[in-house]
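There are 4 protein chains.
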Amino acid sequence: MIIVMKSDASKEEISKILKEVKKLGFNLNLSKGKEKTIVGLIGNGRAVSPGHFRPFSGVEDVLRISKPFKLASREFKPEKSVIQVNGVSVGGEKIPIMAGPCAVENREQILETALKVKKAGATILRGGAFKPRSSPYSFQGLKEKGLEMLAEAKEKTGLSIVTEVMAPEHVPLVGEVADILQIGTRNMQNYALLEAVGKYKKPVLLKRGMMATLEEFLMAAEYILANGNSKIILCERGIRTFETYTRNTLDLSAVPLLNQLSHLPVCVDPSHATGSRSLITPLSKAAIAAGVDALIVEVHPHPEKALSDGAQSLNLEDFSKFMEELRPVAEAVKRRI
Amino acid sequence: MIIVMKSDASKEEISKILKEVKKLGFNLNLSKGKEKTIVGLIGNGRAVSPGHFRPFSGVEDVLRISKPFKLASREFKPEKSVIQVNGVSVGGEKIPIMAGPCAVENREQILETALKVKKAGATILRGGAFKPRSSPYSFQGLKEKGLEMLAEAKEKTGLSIVTEVMAPEHVPLVGEVADILQIGTRNMQNYALLEAVGKYKKPVLLKRGMMATLEEFLMAAEYILANGNSKIILCERGIRTFETYTRNTLDLSAVPLLNQLSHLPVCVDPSHATGSRSLITPLSKAAIAAGVDALIVEVHPHPEKALSDGAQSLNLEDFSKFMEELRPVAEAVKRRI
Amino acid sequence: MIIVMKSDASKEEISKILKEVKKLGFNLNLSKGKEKTIVGLIGNGRAVSPGHFRPFSGVEDVLRISKPFKLASREFKPEKSVIQVNGVSVGGEKIPIMAGPCAVENREQILETALKVKKAGATILRGGAFKPRSSPYSFQGLKEKGLEMLAEAKEKTGLSIVTEVMAPEHVPLVGEVADILQIGTRNMQNYALLEAVGKYKKPVLLKRGMMATLEEFLMAAEYILANGNSKIILCERGIRTFETYTRNTLDLSAVPLLNQLSHLPVCVDPSHATGSRSLITPLSKAAIAAGVDALIVEVHPHPEKALSDGAQSLNLEDFSKFMEELRPVAEAVKRRI
Amino acid sequence: MIIVMKSDASKEEISKILKEVKKLGFNLNLSKGKEKTIVGLIGNGRAVSPGHFRPFSGVEDVLRISKPFKLASREFKPEKSVIQVNGVSVGGEKIPIMAGPCAVENREQILETALKVKKAGATILRGGAFKPRSSPYSFQGLKEKGLEMLAEAKEKTGLSIVTEVMAPEHVPLVGEVADILQIGTRNMQNYALLEAVGKYKKPVLLKRGMMATLEEFLMAAEYILANGNSKIILCERGIRTFETYTRNTLDLSAVPLLNQLSHLPVCVDPSHATGSRSLITPLSKAAIAAGVDALIVEVHPHPEKALSDGAQSLNLEDFSKFMEELRPVAEAVKRRI
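Chains S, U, X and Y, in that order, are what the protein sequence lines are.
With this note's numbering, letter number 35 in the first sequence gets 42, and the count goes up by one each step, no holes.
With this note's numbering, letter number 94 in the second sequence gets 101, and the count goes up by one each step, no holes.
With this note's numbering, letter number 273 in the third sequence gets 280, and the count goes up by one each step, no holes.
With this note's numbering, letter number 231 in the fourth sequence gets 238, and the count goes up by one each step, no holes.
These are calculated hints, taken from the structure and not from any lab test.
Among these hints, one or two may not hold up.
Stated by the list, open to error - Here are the computed lysine to any residue pairs in the SDA-like style, where the Cα-Cα straight-line distance is at most 20 Å:
no.	chain 1	residue 1	chain 2	residue 2
1	X	Lys312	Y	Val69
2	X	Lys312	Y	Leu314
3	S	Lys43	Y	Ile72
4	X	Lys29	Y	Leu314
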């Protein structure tokens, strides 16, 4: 960390800072320029954030020079993590496709979808049983009954299951059926929930908050890691910007950047990012070309009858074509679908 | 709701839509222009969101013409709500000031602060016992012990207490001490938590998500209202933008806008919005001039020793001056501090 | 256009609106619901924007149901435009690569770069002679001398030239050397400049404003089209968001969306979007997979000696590898480099 | 400036940086920590931006520790600048109000407005003769004829005139009538225009780009200052965010922040910021409470007949009430209207 003192900082103010730095167990490097005095912290003192020094009088700015996340970083673990999910690897050469409806609506819908997406090549079934909705008056999911239907689909098809968990007390319930517990975008900084899935130790699909920086995203992963669970798949699902043609703006730079910053595998959700069916295929190809490790897409047997998010769902026929279109792109970057 | 059909929509596509509209219990108004066909939904059909119609083929856009929030709206309750908090009114002529440290750190700190902010004119004590922190390695609050200290400060000073609750299962625990339960910005769409405070029925300070539109903010209030609790204070605390000089961008237009859209009282938090002590006073004056009903500010006896957020805290002496500076502005808009 | 009246709009207010609609030459469709009255405008009345009706009393909202751009739209010209640039086609099967330094710095630098990028497969040379810089104290480009060096590079290599023009009065000067006139991101809504290049009729590379919506972007193209020039290449170069790891956020959804909305060819600039050399290759592959028609990348013989933007430049060796890596991805989506 | 080397930077990479630092004329401070080596630049070497060092191999980050603007800074000129505009002071105790229509539409409209706003207490008349419009098909202003009408209004009322200039070649023409030349939000980084008004030396109302950080805003002012003109009024007019209830988000923290960072007077435009008439009065009061030096508001004799932006205009009667409501707030912060 580097502390920049104001150009008119007094000797007293500077010496107060120096004392504090030493008290925290750091060595220091002092640089007095004509205009500014700079204090550099060296060594392994007590964990301290830039905010610790900002309130001292005479301080102009405090700059962090190392990243706040540790267990999630490439420095900590240089090789890519491969997460094992009930026989499916996430983070390896093969790119698993997670497909299914936004919400589990009834037995037929989820069974039909599961059979068809499996046939087309998907290896993981997605489907919401507990649904976070911005209106209290909207369909909130089938809850326990939805989980039972997912369990049946899993049994009948052998597909792994990814489904969302919304509250700490639901983790064991959802975890009984789910092979991957999904943390939704609105809960990325729900720390009680992050701790709960950290302790539960099943694989987690952590969605980036729609207004979270990559640093905050990796700090959310750090919460799960610090609680003992390293089976995390990071999922970019669009961030909030001023653009209104798409629901959110898919941040594909996040894919190579997360690959540089972290060892955790990276997934992309083009359905929620764009809110628009016609953009799913081109952006899925782009995600693969950018180096993604997994994709999660919405598929519904009858999008126009979906109880939620039908506008961003592929139908079953489209999904087969979609899978076909991805294959040559994956091969071009030495991956497989 | 209005459905705009694509200019090349077929007769079949249009008639499919018309059927669906009738099935949902609406009357319809059909307008065939040269370029586009427009379908208007009239009457009180089944609750349905624009997303319901978007997946139908031939549909170009679906426009909502009424607001999605009901119980929170001025149409539902034309007169301003005044929330009673243990003898303090929020929403009336007098503007209560909530003051105190970001986190409760020890007995002395909170008692000293409580006595001094009371003397300067504050009527509600703020202080975090459970602290959401972006790093798992940062100080997470004193938890139960912090609540005990708040209880003692309340007993000794008669100040009401506002403190954050982070998980549904903590609501009764925190609610025993708190007169106002605070929902933090990262939890604005933590629906399990919103339901829990909705059922608990104590006053709630609902902070706007740093990434939430005003519509989403009011929909979060609607969750609490729909669960039976109408004692909600809306709190603008800065939104995330591209500007980096301030931590967030305080959206003061939210104050008059929320006053127009909703009957719920509106609070502003200039400390978290800006992250900078020197901006608290001018922006608090501005908030009062814009019509705010309450303010919440960070005050710490020794900001440079604060365990969190010291850079945005006033010290006790500054706080007295701050209160003095607010009074004439409040009078200028016919309010009192 | 659709006008939504307030639920308490008076008969007088409604009839005033109806009169105005007729005065403007539209037929109207009136729909009186229980809560709201809706007025739809039908036919080809006088050009009028939603802002025209908003100030009338009793109006709650005015919704546009058709796009404001015409000449730039796919409806106006259903087939893709192919722009001919001095023997290079932009918008066809082959994806031309524009490469070169941010700024022309000296004769050697630009000639060496031109020869090497040509050898690696680039067909268009980029290089700034007039440089918009956020500081008046930064290097502003070699201006006329820079243009002369570009002309020499063109003569020696046969490469086409793309270079920025910053003021209307420079259009003929820059246009003498440039095969493509570049409008920079800060000038996307410099209407005097858009008109000037519209009248000049040489191909234009129009960069999206870093905070422009796609609609505003296409309206800027519409200015050029309305002035008689249809040779426009749209260039996505990153938009401004809250994320700080990258300079801007590359909006790759813009590629398929612009392909749907407009007939104009689409280019991507991964160098300016990210500000980071290590992201150029993965995001260029992604752009190609998403359907881009051209790429523009920064290449400098010695990035560490560049007078501007060296951090986002590939060196000459990297550029050859870059070209090799793009080829299989282009083939996977049935294009060529 | 501080250069942070990667933890695995080689001796060679570090010594290459040290050489470069010396070549540029700086002394240096070298700090070798366990993890990172930090290079600090000391003294007055050649002007150099962080981008200069980023492309060197082994560099992780480059941090600026001083502000890039000089002439615009409070350090350069500690006391507030007061701009004299034809007898009106901007930056003093009295807060001048600039009022008038978005566009000059005809002689009657501008004369009636001028007389009435003067009577209510405005001292500067605003009105656009050259209008930047996002559509080439919208009304672009009366141009020269509009300027003539403004000149007549000035003669008849003695009000000063503020009006926009859109292109460098129009500066003398507009400057003949205008007492203050307005640079619009879309032209904040039109450097050719900034240079032109810098050399022309009449007072300038510089509007913040809707996408510009405060640093970029002050750098735009620096362009005008560096060209010899120090008569600049900074105008906050709303920034672009994800919120959609208002046209833009008025950033009122900019008022106290600009007051801290710069000596230039600060103006606020609540009409363009919000796009909504009902928000003008509360936000104008807020701006005054926050310490603004001037206000610019849209006033139209018949907002519902305005050719542009009527929805955000006060009518003449509203404007008188508006002025009355501002007075007590100004007095509360020891200013006058």
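The hints, checked one at a time:
1. Under the criterion of a C-alpha separation no larger than 20 Å, the hint pairing Lys312/X with Val69/Y is consistent with the structure, at around 16 Å.
2. Taking the CA atoms of Lys312/X and Leu314/Y, the gap is near 53 Å; set against the 20 Å cutoff, the hint is violated.
3. Our distance criterion of 20 Å between C-alpha atoms is met by Lys43/S and Ile72/Y, whose separation comes to about 9 Å.
4. With a C-alpha separation of about 17 Å, the suggested pairing of Lys29/X with Leu314/Y holds against the 20 Å cut-off.
Hint 2 from the earlier list is the only one contradicted by this structure; the remaining hints agree with it.
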